[in-house]
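Colleague: Given the sequences, and given the hints that come with them, work out the whole structure.
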Amino acid sequence: MASILSVKDVGKTYQSAGKSLMVLQQIDFEVDEASTVSIVGPSGSGKTTLLGLCAGLDRTSTGNIVLNGIQLDNLTEDERAWVRNQYVGFIFQNFQLLPTLTALENVMVPLELRGERNSKAIALALLDKVGLADRGHHYPLQLSGGEQQRVSIARAFSNAPKILFADEPTGNLDADTSENIEKLLFDLNTDAGTTLVLVTHDLELASKTQRIIRMKGGTVISDTMVQDKES
Amino acid sequence: MQPKQNRIDIRWIVRMAWRDSRRNRSRLFLFISSIIIGIAALVAIYSFGDNLEKDIDNQAATLIGADVVLRSNRELEEEGQQIVDSLIGLSQSHSEEKSFVSMVMFANNGGTRLVQVRALDGDFPYYGQLETVPVSAGTTFRKGQHALVDKTLMLQFDAKEGDSVKVGEVLFEIAGVLERAPGQSGISTAVAPAIFIPLEYLPATGLNQKGSRIDYNYYFNLKPTVDADDLTTGLDSLLEVHRINYDTIASRKRETGRSFSDLNKFLSLVGFVALLLGCIGVSSAIHIYIKEKLNSIAILRCLGASSRQAFLIYLIQVLGVGFVGSVVGALLGTLIQQLLPMVFRDFVPVTISSDISWAAIVQGIGLGVWIAVLFALLPLVGIRNIAPLNTLRLSLDAPSPIKDKWSWVVYGLIALFVFSYAYLQLDGVWQTLAFTFGVGLAFAILYAAASLLVWLVKRFFPISWNYLWRQGLSNLFRPNNQTTILVVAIGLGTLFIATLFFVQGMLITRVSLSASENQPNMVLFDIQSSQKTAVAELVSAQGLPVLDEVPIVTVQLEAINGITAADARQDSTIDVSRRALGGELRVTYRDELSDSEKITSGKWVGSVAKGDTALVSLEEGYARRIRAEVGDRLVFNVQGVRIPTVVGSLREVDWNRVQTNFRLIFPLGVIDNAPQFHVLMTRVPDEGVSARMQQAMVRQFPNVSIIDLGLILSILDEILDRIGFVIRFMGGFSILTGFVVLVASVMISKYQRIKESVLLRTMGASRRQILAITALEYFFLGLIAAFTGVLLALGGSWALAAFSFEIPFTPDLIMMVLLIIGITVLTILVGLINSRGITSRPPLEILRKEV
Chain E
1 MASILSVKDV
11 GKTYQSAGKS
21 LMVLQQIDFE
31 VDEASTVSIV
41 GPSGSGKTTL
51 LGLCAGLDRT
61 STGNIVLNGI
71 QLDNLTEDER
81 AWVRNQYVGF
91 IFQNFQLLPT
101 LTALENVMVP
111 LELRGERNSK
121 AIALALLDKV
131 GLADRGHHYP
141 LQLSGGEQQR
151 VSIARAFSNA
161 PKILFADEPT
171 GNLDADTSEN
181 IEKLLFDLNT
191 DAGTTLVLVT
201 HDLELASKTQ
211 RIIRMKGGTV
221 ISDTMVQDKE
231 S
Chain Y
232 MQPKQNRIDI
242 RWIVRMAWRD
252 SRRNRSRLFL
262 FISSIIIGIA
272 ALVAIYSFGD
282 NLEKDIDNQA
292 ATLIGADVVL
302 RSNRELEEEG
312 QQIVDSLIGL
322 SQSHSEEKSF
332 VSMVMFANNG
342 GTRLVQVRAL
352 DGDFPYYGQL
362 ETVPVSAGTT
372 FRKGQHALVD
382 KTLMLQFDAK
392 EGDSVKVGEV
402 LFEIAGVLER
412 APGQSGISTA
422 VAPAIFIPLE
432 YLPATGLNQK
442 GSRIDYNYYF
452 NLKPTVDADD
462 LTTGLDSLLE
472 VHRINYDTIA
482 SRKRETGRSF
492 SDLNKFLSLV
502 GFVALLLGCI
512 GVSSAIHIYI
522 KEKLNSIAIL
532 RCLGASSRQA
542 FLIYLIQVLG
552 VGFVGSVVGA
562 LLGTLIQQLL
572 PMVFRDFVPV
582 TISSDISWAA
592 IVQGIGLGVW
602 IAVLFALLPL
612 VGIRNIAPLN
622 TLRLSLDAPS
632 PIKDKWSWVV
642 YGLIALFVFS
652 YAYLQLDGVW
662 QTLAFTFGVG
672 LAFAILYAAA
682 SLLVWLVKRF
692 FPISWNYLWR
702 QGLSNLFRPN
712 NQTTILVVAI
722 GLGTLFIATL
732 FFVQGMLITR
742 VSLSASENQP
752 NMVLFDIQSS
762 QKTAVAELVS
772 AQGLPVLDEV
782 PIVTVQLEAI
792 NGITAADARQ
802 DSTIDVSRRA
812 LGGELRVTYR
822 DELSDSEKIT
832 SGKWVGSVAK
842 GDTALVSLEE
852 GYARRIRAEV
862 GDRLVFNVQG
872 VRIPTVVGSL
882 REVDWNRVQT
892 NFRLIFPLGV
902 IDNAPQFHVL
912 MTRVPDEGVS
922 ARMQQAMVRQ
932 FPNVSIIDLG
942 LILSILDEIL
952 DRIGFVIRFM
962 GGFSILTGFV
972 VLVASVMISK
982 YQRIKESVLL
992 RTMGASRRQI
1002 LAITALEYFF
1012 LGLIAAFTGV
1022 LLALGGSWAL
1032 AAFSFEIPFT
1042 PDLIMMVLLI
1052 IGITVLTILV
1062 GLINSRGITS
1072 RPPLEILRKE
1082 V
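These protein sequence lines are chains E and Y, in that order. Our numbering puts the first residue of the first sequence at 1, with every later residue one more than the last. Our numbering puts the first residue of the second sequence at 232, with every later residue one more than the last.
Everything labelled a hint here was simulated from the structure, so no lab data went into it. Treat the hints with caution; some may be incorrect.
Simulated pairs of lysine to any residue, SDA-like, Cα-Cα distance not exceeding 20 angstroms [as the list claims (entries may be wrong)]:
1) 162(E) with 71(E)
2) 636(Y) with 22(E)
3) 636(Y) with 77(E)
4) 183(E) with 208(E)
5) 120(E) with 242(Y)
6) 120(E) with 575(Y)
7) 522(Y) with 495(Y)
8) 120(E) with 345(Y)
9) 216(E) with 22(E)
10) 454(Y) with 358(Y)
11) 522(Y) with 71(E)
12) 522(Y) with 715(Y)
13) 382(Y) with 780(Y)
14) 397(Y) with 926(Y)
15) 216(E) with 14(E)
16) 120(E) with 245(Y)
17) 391(Y) with 345(Y)
18) 285(Y) with 683(Y)
19) 162(E) with 14(E)
20) 120(E) with 246(Y)
21) 8(E) with 223(E)
22) 522(Y) with 223(E)
23) 120(E) with 244(Y)
24) 208(E) with 172(E)
25) 382(Y) with 242(Y)
26) 636(Y) with 172(E)
In this text, all values refer to a predicted model and were calculated from it rather than measured experimentally.
Modeller: Right, dumping it as structure tokens:
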């Protein structure tokens, strides 16, 4: 199967108060198209930083990342924004909806950025899929946490991404809601054939993906296929 | 596949800007409200300027009342009279006027006053009219022994139509009240209000004696075929030879337009400062707004919006609120403009209309939008650097604006804009540089004061003080503090108010000092030589001292180093002051200098032996103007006799003293026997004695004029009051802007502080404790801002006192303290009133509603 994401010898160092802080070093892995991968590890292990680098939200300090055949490190910030808009979907722990836009408008934004003509119809269909067809005109503050994450999922799928990055998608939700959201996420992912990379503390959620990458102290300590583990 | 950049779809950008602003519109409007007052001021001033220009154009003819006016300050010689006669031949009608200052006495109560007597014949004015009550009085007074009396005199002496007023030896019946004469503004007649009498009665008054200072005016209503400007241009050099000045409608229009264009430019600059102050408020508010929007911008970036798209979304929001703010400002300005004619009525010689000026409105809105965008650009350019990573975590290394080249481009644009605007108002590079530098310096000092405050609080933080003090103090430097913007805004407002008070106070003090104890406070002039002894006796008989008695001789400067006015006219390369040659001077002769004079070069010789050339002494400024130095030869014409002299010395003169000072002094033994009149100075203890003295003098010596310093002081007080009102009115825009910026900044900081105040409330802090923390924060802010503002005002008023008014710098300490206390208290009050909402409602309600 073809690789959609290739991470080669990636390291990341931050400068803070005049000191260098190395948060990632020598990370190597590849992700196949339409596969599901989870990155797990304790707080401070560097998993969120790694997700940010893979999604082109930041530049690596060393090594390089190739997403859908495009080497991200050579691109300007605006070119990476274009790559995100074309190929990438995001789901965040704290939903990250634009507070001044309605649920419908939040879903429409990536489509509008692409210049999609029938963005409203597509967004309405997606809201329907996540069970919020009648809440499209509500603002994020008027929605519950679970509903906000549903909108966030609808938005993530709105541009038909090649790869979806999810950062602790159920981290802020109760158990029942989490279960619903997980189901929705995996169902949509399967339907769309999207690659899913998720960062989580929740090993139960991680076990639902095909592959688990474990991190500690800024390095990958294991990279296992769930089937392998089960077998 | 090659990555691209997103296409900029401006419709989407506008739609996003609209969506994004949804819950913030009232706040955005609050941010932009700081510029409303500035725009209102400018639109009002521009509209006023437009109307004034139009009014001067429309009413130019009534400014002089005739097609051509010839003026001379001495009786015309034969050639001069021939010019007048030739103009009479080209006119449909003409008028002659002799005007001079003199004392008059009101018969009903014996009140006396120095006035401008205008003895008139003919039908002047030919354009406009003498506005009188009753209306017919403007014509009827010419037909008998009648006078038209200025309304201020009528009020002062409680005189009525039909009463009598004595001018010289003649008693005139008051035909009516003079409301306004062509070209006269309220303030121009304050010292010597006008009384019109028919010219035919002038000889009988006995006031046109030799040596009397009379202005001769000739008004011509030209035939329709004669062009006034062509005519006067042709006569220009001839008129110059005979030292006759002239005015036509066009020249007066130009002159008046120029004077008031200067006034308008000055007012625009004052309005501009208000606008600049508002812009600082806008910049600071947008800075905070963008900070709050950081997460939304990061999300947009994450979803694929380019930095340009994100930047444009917020730029359009600023454009939108800038436009709304400017429109509101323009509307407000148009309303204020209706008041300006009332404010400036006393200063302007035409009736000012208050029509809506669309040009001014468009100009104001354009300027408002531009300046809002320009100043908002500073925080807006930072949007380009907001990383999408902020959605996951706050960026560790946010780029400093100092390192961003676009920030410097914006700073450069702002400086260029301030300079250009000031240049358009000031018309001089050095003045503009001084203004721009002054504004920059004031901002820099206030910024430094704010930084110093923060540094001091951090460096010497009183750890042992109680919690409320520590919390109040630490609010000054914690994230999202408003210290800098509040100190700058309040400080600039204080600077304005304090400078205004200081300068006004110093001017009044200076004049009052002149009137103090041993200085003369009454000046009697136009005393004939034959009256000298009798006048002195009369003064003494009233129990008053004769403090000084000075002879005055009128001389004419004929040649400087052998060069006459005729030589200068023929050869324009000669380096000599053409204005000085042929000019009249009032000089004195004495053997010693007064204590207000000091020789700065050469030597003072008090007398001259018969047959020797006199060594005269010139005042430094006059010497500079006529380009004369010690050793230069000057020839004077004294009533037809030529007197050669040499400049023996130059003097520095303290003109601020109430005494006779002269540009030129002769030693004894040269002009002692020339025709002369005398000035006598005395000191009157109170108004009653002053009135008695004036009445006695006018009865016995009607030609003697009296200046009562008490009256001058009260007039000056009134004039300063009126000017002060104008300055306060204009300064009010800046002060009001400062206040709006203060309120807006405090309200913005309220949003910043709500969360922690609610947390404090949740943890059990009482309402009083939260109010105390807020009060302490604003106390420190208000105090440092007011203190720095007052210090800057001291610097500014010192510079004005030393270089502009040339008066001693005497700041009012009590006023300083009162200003500092007043502004600090005001700042605390605004802070407390704004925080009221946080403390009076349950924490959860506030969190739900406001955050």
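Colleague: Against this structure, judge whether each hint is valid.
Modeller: Structure-based check of each hint:
At most 20 angstroms may separate the alpha-carbon atoms for a hinted pair to count; residue 162(E) and residue 71(E) meet this at roughly 15 angstroms. Taking the CA atoms of residue 636(Y) and residue 22(E), the gap is about 29 angstroms. The hint is violated against a cut of 20 angstroms. Between the alpha carbons of residue 636(Y) and residue 77(E) the distance comes to roughly 17 angstroms, so the proposed pair stays at or under 20 angstroms and holds. Straight-line distance between C-alpha atoms of residue 183(E) and residue 208(E) comes to about 10 angstroms, which keeps the hinted pair within the 20 angstroms bound.
Among the hinted pairs, residue 120(E) with residue 242(Y) is consistent with the structure: their alpha-carbon atoms are about 16 angstroms apart, no more than 20 angstroms. With a C-alpha separation of about 60 angstroms, the suggested pair residue 120(E) and residue 575(Y) falls outside the 20 angstroms cut-off, and the hint is violated. Under the criterion of a C-alpha separation no larger than 20 angstroms, the hint pairing residue 522(Y) with residue 495(Y) is inconsistent with the structure, at around 40 angstroms. Proximity of residue 120(E) to residue 345(Y) is assessed by CA-CA distance (about 85 angstroms); at most 20 angstroms being required, the pair is judged violated.
Pair hint residue 216(E) plus residue 22(E) holds up; C-alpha atoms about 13 angstroms apart against a cutoff of 20 angstroms. Note on residue 454(Y) and residue 358(Y): the hinted pairing holds, with a Cα-Cα distance of about 14 angstroms set against a maximum of 20 angstroms. Taken as a hint, the residue 522(Y) and residue 71(E) pair is broken in the structure, with Cα atoms around 32 angstroms apart against an allowance of 20 angstroms. With a CA separation close to 16 angstroms, the supplied pair residue 522(Y) and residue 715(Y) stays within the 20 angstroms bound.
A hinted pair counts as satisfied when its Cα atoms are at most 20 angstroms apart, and residue 382(Y) with residue 780(Y) does not qualify at roughly 34 angstroms. As the CA atoms of residue 397(Y) and residue 926(Y) are separated by approximately 11 angstroms, the hinted pair is consistent with the 20 angstroms bound. Between the alpha carbons of residue 216(E) and residue 14(E) the distance comes to roughly 18 angstroms, so the proposed pair stays at or under 20 angstroms and holds. As the CA atoms of residue 120(E) and residue 245(Y) are separated by approximately 17 angstroms, the hinted pair is consistent with the 20 angstroms bound.
For the suggested pair residue 391(Y) and residue 345(Y), the alpha carbons sit about 19 angstroms apart, so the restraint of at most 20 angstroms is met. Simply put, residue 285(Y) and residue 683(Y) have alpha-carbon atoms about 51 angstroms apart, too far for the 20 angstroms limit, and the pair is violated. As the CA atoms of residue 162(E) and residue 14(E) are separated by approximately 29 angstroms, the hinted pair breaks the 20 angstroms bound. Only pairs whose Cα atoms come within 20 angstroms are accepted, and residue 120(E) paired with residue 246(Y) is accepted, the gap being roughly 14 angstroms.
Distance restraint check for residue 8(E) and residue 223(E): the Cα-Cα separation of roughly 15 angstroms lies within the 20 angstroms cut-off, and the hinted pair is therefore satisfied. Straight-line distance between C-alpha atoms of residue 522(Y) and residue 223(E) comes to about 40 angstroms, which puts the hinted pair past the 20 angstroms bound. In summary, the hint linking residue 120(E) to residue 244(Y) is supported, as the alpha carbons are separated by about 17 angstroms, within the 20 angstroms threshold. For the suggested pair residue 208(E) and residue 172(E), the alpha carbons sit about 19 angstroms apart, so the restraint of at most 20 angstroms is met.
Distance check on the hinted pair: residue 382(Y) and residue 242(Y) sit about 65 angstroms apart at the alpha-carbon level, beyond 20 angstroms; violated. A hinted pair counts as satisfied when its Cα atoms are at most 20 angstroms apart, and residue 636(Y) with residue 172(E) does not qualify at roughly 41 angstroms.
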